[in-house]
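Participant: Chain A is fixed; fit chain B onto it per the hints.
Protein chains: 2
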Amino acid sequence: MTTGESPALTAPPGLPAGTVLPVDTVGLLEGLTTTRAIRRYTDEPVPREVLRTILFAATRAPSGSNRQPFRFVVLTDGPKAQAAKALIGQAARRVWDAKRQADGYDRGSGGVADSPKARTARALQRFVDGFERIPVLILPCLVRYREPTPSEGASVYPACQNLLLAARALGYGGAFTGWNFAVDAELRALLGVPDGTFIAGTITLGRPAGRHGPVRRRPLAELVYEEEWGCPADWAVDPAGTRFTTAGPPRPAAGSLGSAADPGPAADPGPAAEADLAADADPPRQPRPATVTGRDEGPQR
Amino acid sequence: MTTGESPALTAPPGLPAGTVLPVDTVGLLEGLTTTRAIRRYTDEPVPREVLRTILFAATRAPSGSNRQPFRFVVLTDGPKAQAAKALIGQAARRVWDAKRQADGYDRGSGGVADSPKARTARALQRFVDGFERIPVLILPCLVRYREPTPSEGASVYPACQNLLLAARALGYGGAFTGWNFAVDAELRALLGVPDGTFIAGTITLGRPAGRHGPVRRRPLAELVYEEEWGCPADWAVDPAGTRFTTAGPPRPAAGSLGSAADPGPAADPGPAAEADLAADADPPRQPRPATVTGRDEGPQR
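Chains as they are written, first to last, in my numbering: chain A, 1 to 301; chain B, 1001 to 1301.
So here's chain A without its partners, still in its complex pose (with noise of 0.2 Å):
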């Protein structure tokens, strides 16, 4: 466990220390809008007064029911924390080398240093590679009541953004991976995970280093419908400044694959397993101090 303790959030003279949450420094607004996953961390420790606040944030989300259903495994420096974190990292290599491979990140542009693809790649090697290094890796698990339906993710998803978020507004940094997906049952057999509970992800978390770019989205009117299905909404305008980027990973040229290169529906870590990759493409640029108001420079960062 980091043992650390974060000035910002010693509570006020009085008051027993653990009885209040930080003050804001980041509107809600602008949180939503601009927080992007955070793949490259100091090694500082998150200090146990972050940790709580983020998951006392987390666990505010909403579930079906308010069954609360949602449980939360927290990683940091113990034997078992390591182990696991060896565990998904060994898992985030071999599957990230498979798909680098298998959906072309060295071929064409991927071959010049400074293209989207290859910064893409470069950040996804670095992250792999330093796994084990990550300060803290968190595990959303849901605890079933029922057979499992496309919709149970409604009950624990929410926390997990919620907990970016909350990193975030802390001066903290994550991510999603399913890179856990590929290991499920020698992480369920380490952490005495029950049956008949999911484990539905890994978040990675630590403090912010380097440079990191803005959020980057397709277009809203690409994603917005009124009234009916691919009807347009006329309001639907991204507001100025907005930074873009197709969708997903970058297409093999057809043909060019042996379906050997390809890792399977076994090896893959997900569909969150790079959540917001394509962001991290974006040229290098020093991210501003979070303010509250100031909206009106633009929503990204």
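Hints are computed from structural coordinates only; laboratory data are not their basis. All values reported here derive from a predicted model rather than from experimental measurement. Positions of the beta carbon are idealized from the N, C-alpha and C atoms, including for glycine.
In silico SDA-like links for lysine to any residue, alpha-carbon gap of 20 Å or less:
(1) A/K80 / B/D1234
(2) A/K80 / A/D184
(3) B/K1080 / A/W229
(4) B/K1080 / A/G230
Far from chain B, some chain A residues (derived; all Cβ distances over 10 Å):
(5) E44
(6) D97
(7) G104
(8) R107
(9) A113
(10) S115
(11) R119
(12) P135
(13) R207
(14) G210
Facilitator: Just chain B now, kept in the frame of chain A:
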């Protein structure tokens, strides 16, 4: 479509309308820890500028490989929107009627007008009875690129949470429900939702009416483990003033139900059908105005 304009969202002089996002009046941590399901609305339409900001925030959420497979169908007052509201509203009443009986909402303390159980039942009854008058429904959809997996929700439900938080940021409120699952085929036909796209829920949206209690969850120590499953984290301490609830719907007495009263999986609206439902059982209390600071009073609203 609604046509109102919110003065607070007007662009500054010199900039065309719609190019900026509004200034934050709610802090990020404050929003994360105090946003609750809102199921009572005024009849006031939701201005287009508000919808635009809410949907912009929703679509900034992360998704697997940044594929952004989420789409949002916004239903206000057009003919298909009204038909969809009626369709989902009928399903809601049918499913709730069965659930009210199956879960024993009217037995035991349910017969005492001011009991949590009776208040929850009244809130739900009012919600479904007035369903067609809810100003806006938003159907979050997931465009699948492969067969369903338990983790696919990681690419749509974080965006739903962003959406609800953004509503809060602008003085609106909403709830995530799964009533649509009971009329999935009819809804797809009505709105032209293609095969291979999952309608992942129904989000209701409007200007809050009446009084709403604070967020209530289980104690943090029941939801957070450290180092391995089941191990308590000594830092997992709720802030002073946190309000609690037990999890999920009321438990009917064993053997008190005939199976005929159970609507069964086909009619079950899904695990998020009544997200945050227990919070409706709170005693009436006037929400305080939102402020960015002032967190030390405690996180609950």
